[in-house]
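Can you make the complete structure from the sequences, with help from the hints?
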Amino acid sequence: MASTIIIPFLPPNHNPKPHLKFSTSTSASPNPTHSIPPRNLTHLLRLSTQTQNLNLGKSIHSIILKSQHYNDHTRLLNSLISVYLKFNRLIDARNAFDEMPSPDIASFASLISAYSKIGREIDAVLLFDQMRQLGIFPNGFCFVALLTACIRNSNCELGTQIHALAVKAGSCDCVYVANAVMGMYVSCGFFEDALDVFDKMNERDVSSWNTVISAMVKDCRYREAFELFREMKMEGEFGDRFSISTLLSAMSQGFSLEEGEAVHAYALKLGLDFDLSVGNALIRLYTQLSDIEKVIGVFDRMPEKDVISWTGMLNGFMEFGFIESAVDIFEKMPKRNIVSYNALLAGFCKNGEGLRGLRLFQQILKDGPKISDFTVTSVVNTCAMVGERKKSEQIHGFVIKMGFTSNAWVEAALLDMCAKCDRVEDAEKIYDRKIQKGSFPITWTSLISARARNGQPEEALSLFQSGLKRDDLMDVIDEVTLATVLGVCGSLGFAVMGEQIHGFAYKSNVVGDIGVGNAIVSMYSKCGNLENALNFFNQMHRHDLVSWNGLINSYLNYRKGDEALNAWSKMELLGQKPDHITFLLIISACKFTTSNSVSTCQNLFLSMLSSYNIKPSLEHYSAMVDVLSCWGHFDEAKNLIISMPFKPDASIWRALLENCKKHSNISLGRQAIQKLLTLEPKDPSSYTLISNLYSASGRWHCSNKLRQEMRLNGLKKIPAKSWIIHQNTVHSFYGRDKSHSQSKDIYSGLEVLILECMKAGYEPDTSFVLQEAEEYQKRHFLFYHSAKLAVAYGVLVARPGEVVRVMKNVRLCGDCHEFFKVVSSVTGRRILVRDGSGFHRFEGGECICGDCW
DNA sequence: GTAGGGTTAG
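Per our numbering: the first sequence = residues 41 to 893.
Everything labelled a hint here was simulated from the structure, so no lab data went into it. Note that this is a predicted model, so its numbers are computed, not measured. Yeah, the Cβ is synthetic: ideal placement off N, Cα and C, and Gly gets one too. No false leads were mixed into what you were given.
Within a straight-line C-alpha distance of at most 27 Å, the following computed DSSO-like cross-link-like pairs (lysine-lysine) qualify: (1) Lys-799 to Lys-784; (2) Lys-441 to Lys-430; (3) Lys-818 to Lys-784; (4) Lys-687 to Lys-631.
With beta-carbon atoms standing in for the labels, derived distance ranges: (5) Asp-515 to Asn-494: 23 to 31 Å; (6) Arg-473 to Leu-297: 38 to 46 Å; (7) Gln-293 to Asn-849: 38 to 46 Å; (8) Glu-275 to Phe-360: 33 to 41 Å.
Right, here's the structure in full:
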């Protein structure tokens, strides 16, 4: 059967032994190899590649081996090598190469290129040296090959050497070599060197421009990228799909609308708008530029779509919160890969659909593709958002089991998840293990905000300060970290530190970041410096929704209702759309207007749905009830409670009760009490409030009964805590607390202060003492309230003229309020107390809050 | 082609 020269075209799965006893020695032709001229063998080799038949190539290899005659036919062996390389048989190719008695430049070049392509630069360099030792002069092809390896491995050291050799050899005049040199510098991040090579080139092709443009994009120098693009056109180079898609991606990263549209228009002119990669880049561009209609337009017009286009469209919808459209796209995609799944998962997370995200993850595990670190990061983030401790532990275990924990992104996500799922200790454990350098600022920020959220201000602050000691501080502190820490300063009232961080932000050039700016405004406002807050707001370049909400809230903190409503009008005038928070704020602002603003408030409330399509939530109803009852419109408040689509919760009854107290509306107050006690029988703050209602209306008996009941229920008040910052340290006090190191001085100082104030007309009001006790004991309780201790400390240590700033976790009691008024006039000090209800600013015997008690 | 920590309210 095996006949002479007819070489069988075996099916691809037929795999005979390499050195097969081939028909070469059969009887039909006693010495057949001699009869095949090398030209024909070359022909057959080409056929082997064309028909994808490796066995044919191998057969020819053995023919060549058997015949000494062919050994010096370098060209033939070169063809053989390229056949092997086409089939990715590097070892076979190398064997063939090693069999060659006199390899030429082409032989070397093919193998150098083959090694380079797979990143084995050492083997490539060895061959390169060997070649030079043999006196063979490297050509441009070899240089390009070696540079390709350097690009692959970002090996700048070798790359620079090759560059020098290429210059010496005069190869750099070749545009391909110069392009590769640039590419090498770009991949190593040496953008200036790349530019330098580019500037020196005599001849440039479109790849040269593309390389240098993409270098600028990688270096975030979008404007320069765009300038180069202009220059390119002026030099008569039109650009291709690569130039266009690179530029478009630059514009989408640089968020430049006009330039992006200009490039789009240019792509249309070149007829490249139907190109796949250009279309994909356009989808991304318009997603970033928040133009969903254009995204859809581009997507619909694309004649050819790949999985990237579909995923891009999915991301586009998710970006705009069109969750169902995104899901629809996902279901319609003709092909999905893990990136598409990741996009859907991340989109669920971004849009608050945590449970759907977790369900999707289950599905991915069941029938989806192999998960990646992206998948893991997304599911961990989703879990962080859901916030359930138990689920987070499950996911955590899974991630460990799958061996993803060494990835920096995953690690940071895990830490954040622990921080948000009530597992701060676990978060700390991750933090204490050696956190990978790149993710330090992120994990650090997560942990700081977790501690602040957890009511551990001192720990948050000390963590921040320990980070400040790092010498690479400037590299790791960025906008987000600063915004977080400013938030901590604000919520804890660290005025001095807040100011320092403002200065730091200024120095490190990030005050322009809108998030940092918003945080600065809120920090000043919460630290009692409304003026600085307003000044900073006014000098911000740009305001977004959060900025305006922050401004309104700043006014609200100081009970400046009219100003808050003015800010709202301005915001509306400037076209800034409000959100549910805005409405919560402006409705609440109506409590603090100088004249009755009930009708304004009602109109605002009605406009929520009709004009802004924001459905009022229970919180909005609660705020409305507060405003109505605050102005004494109890009937309207009652009607609203009855008609609202929610079951009234404790906050509504509490608001109502508080205002009943204010207007001495005992009968409605009593109803509110009953509701409150059924809803929250265990909440001590309800009892405090109720007791205050009775006390205020002189019903001592009821008040006493209530206290009895409280005792029977075993309720304790949330311990009131006040603190003050002095010399970057938090000094906190509980009632009758003697743990402070300067406790003695503070107590005697306070006693002097009380005596002085009594002389000036302060009368202790023991009705604010809820404990059952003799009158003298009550006074004792009253005098050493935490806020009084903190203020006394502040008065003792503050520099002349300095404002005494005290923070309190719960509301200031009425007696302290009266007392501080007098203290401010007796000592001539300005005293600022921030409590649960906002600010009290005591100055010259008055409080800005008017009669908040 | 995709990703992490934040700023307003509570």
